[in-house]
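Sequences are here, hints too, so could you generate the full structure?
Per my numbering, the sequence shown starts with residue 1, numbered consecutively.
One thing to keep in mind: the hints can contain errors.
Said to hold, decoys possible - Listed next, the in silico PhoX-like pairs over lysine-lysine satisfying Cα-Cα at most 20 angstroms (straight line):
hint: 1; residue 1: K272; residue 2: K296
hint: 2; residue 1: K261; residue 2: K272
hint: 3; residue 1: K164; residue 2: K147
hint: 4; residue 1: K159; residue 2: K147
hint: 5; residue 1: K225; residue 2: K272
hint: 6; residue 1: K296; residue 2: K261
hint: 7; residue 1: K297; residue 2: K272
hint: 8; residue 1: K297; residue 2: K325
It is worth saying that the hints were derived from the structure and are not from the lab.
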Amino acid sequence: MSRVALACVLVLAGTGLALAQEQLIPDSPSAFGPPSVATPPRLDIDPNRPTLPSPSDLPADHKPAAPGADLAFGAYQRGFYSTAMREAMTRVRRNPNDGPAMTLIAELYQQGLGVEPSLPEAARWYALAADAGDAQGMFQLGLMRMKGDGIKQDRAGAKEMFLKAAALDHPGAQFYLGVMALQNNGVVPDYDAAASYFERSAGLGNVEAQYAMAIIYRNGTGRPKDDAKAAELMKQAADNDNTAAQVEYGIMLFNGVGTPKNEAAAARYFIKAAGHNNPVAQDRAARLYVTGRGVKKDVIEGMKWHMLSRASGLRDDWLDSEMNKLTRDERNAVELAVRRYVGS
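Take a look at the structure:
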């Protein structure tokens, strides 16, 4: 899953994501003041991500229709792409309405796996799959139309495909309908419509939608403000490995917003997100280790995370001042810890 944020969805967060700047850790004691520059985590959504569906994009019951489906899809999963193409083509010859096989063929053309890459050919096969009623084919064709990827950009046509796939309970389609509601053709975002689509997508297991709904409830945009619901959804997304949600839920736990205050649990989420190379989480983990809040005090481990965060451009004057207090041996230990982490 790509880590590039979709700018239009940031409309959701607005000033709400400033929580990552203002309330990551309370200002008292002074050791937990905000860093000099706090780059907030951004929504983990990207229309340009690889088109291979993630588990959250696929309907829960999405599976090949034919008894012999595992020949084509099994070959694909094992990396035997030429075999996958051959078996998928065989399926289509036997059943001209085999939508899942058509979608697999489209994926292979789109990614250039086992065949020369061809976006127009991929779009053609997605269209055939969509006509055959395959929700994933509808969804992928919608993405191509939305981006103008290999075909003419057609946002109305993209929305048409997303609506058809959404009617078949495709979580990714529901999610992108929410994205389009936020874009709203460049006019005022339709928060109510976006919330409705994100809510359905979240209910179908889409992790990005769970995060989006958490932001909606936290900010009170599209739904009444409800910190408890925001925390519940943020935890779902965090536990489903959404890095931004791990940071945000760590904040909520540390500050006791929408959930009982729990510094140890907050530390676990910050450390997990830090391991995903999120600089805000690395900065927060550094402060927790240096001060021993939520974790056993470990200045070397804390300064390791501080150096990694600083390398990503996130300044923290307080941690810099603590770094200056280290002995030569401690500095060497920090350098070794960073090298081990980077090399791991």
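Practice task
Any hints from earlier that this structure breaks? Give me their numbers in increasing order, please.
Solution key: 5
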